[in-house]
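Make a model of the complete structure from these sequences and hints.
Read in UniProt numbering, the sequence shown has 21 at position 21, and its numbers run on one by one without any break.
Quick caveat, the hints were computed from the structure, so don't treat them as lab data. Among the hints, erroneous ones may be present.
List time: in silico EDC-like cross-link candidates among lysine to aspartate or glutamate, alpha-carbon distance up to 20 angstroms [as the list claims (entries may be wrong)]:
1) Lys102 <-> Glu125
2) Lys102 <-> Glu138
3) Lys102 <-> Glu135
4) Lys102 <-> Glu131
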Amino acid sequence: TVQVINEAGEVVRRSAGAPTTAVIPVTDVGSDRRHVVVGDGTDDGFRISGQHILTPQGGYTILVAGSSESAESTLKTVALLLGAAAPIIIAAAAAATYRLVKRSLRSVEAIRVRVSDISTTDLSERVPVPEHRDEISELAHTMNAMLARIESGHTAQRQFVGDASHELRSPLAAIISALEVGQAHPELLNTELTAGTLIPEAYRMQALVEDLLLLARADERALLPRVEDIDLDDLAEREATRLRRASTHTVYTDLQP
Numbered sequence: 001t002v003q004v005i006n007e008a009g010e011v012v013r014r015s016a017g018a019p020t021t022a023v024i025p026v027t028d029v030g031s032d033r034r035h036v037v038v039g040d041g042t043d044d045g046f047r048i049s050g051q052h053i054l055t056p057q058g059g060y061t062i063l064v065a066g067s068s069e070s071a072e073s074t075l076k077t078v079a080l081l082l083g084a085a086a087p088i089i090i091a092a093a094a095a096a097t098y099r100l101v102k103r104s105l106r107s108v109e110a111i112r113v114r115v116s117d118i119s120t121t122d123l124s125e126r127v128p129v130p131e132h133r134d135e136i137s138e139l140a141h142t143m144n145a146m147l148a149r150i151e152s153g154h155t156a157q158r159q160f161v162g163d164a165s166h167e168l169r170s171p172l173a174a175i176i177s178a179l180e181v182g183q184a185h186p187e188l189l190n191t192e193l194t195a196g197t198l199i200p201e202a203y204r205m206q207a208l209v210e211d212l213l214l215l216a217r218a219d220e221r222a223l224l225p226r227v228e229d230i231d232l233d234d235l236a237e238r239e240a241t242r243l244r245r246a247s248t249h250t251v252y253t254d255l256q257p
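Below, the structure written as structure tokens:
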């Protein structure tokens, strides 16, 4: 239904079947010519829109009315469809969520089992990495990198302990051998044996222990690096002297400054 109403409130134009009087008072539309009023008719359940316009012949108000039955029917249909589809949508979302959570928990459980099986005697094991790239797979990669660092540190520690044991064994063996000689032959426990064997080997063992403590501090990152020159000639001469005392073989050296 379309009506054109003049300033006197008379219907000057209307669509076929439209009433001869205004469906609503033109004052309900408002004074602003651009204003649109949406309302319900009192008798037929219409939704009415109004618009003021100005022409050279004067002011007019255009009213457009339509039955709200089709809109309400559409709303009811949409509501019924949503009501029927809501349980299906909720069930599908719940199933998808359950599947994703179950897959994630399965991956976490596999990682937990593998970590619990890793022992300090064999650090070569790694946790399984899920095929899907997500936070769980990133966690598995991070744990494998951590296990690789732990394995490397453990290997270096065992190598260090083995080397330290080997280095400490030599001065201890020399000291014990000299003391056993002195115990069996007290007359040989003189200044030469003490100054030539016992004291140098004791100093050497002390230096090794201090080096071990130094390395331990370095592992704890409590040691500042320092660079200094080492005289290799003196080092080689000291080792040659030690070998001459500890061995029956003749040791020759040819050191060039």
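Tested hints:
A distance of roughly 25 angstroms separates the Cα atoms of Lys102 and Glu125; the hinted pair therefore is violated under the 20 angstroms criterion. With a C-alpha separation of about 18 angstroms, the suggested pairing of Lys102 with Glu138 holds against the 20 angstroms cut-off. For the hint pairing Lys102 with Glu135, the CA-to-CA distance comes to about 14 angstroms; that is within 20 angstroms, so the pair holds. Taking the CA atoms of Lys102 and Glu131, the gap is near 15 angstroms; set against the 20 angstroms cutoff, the hint holds.
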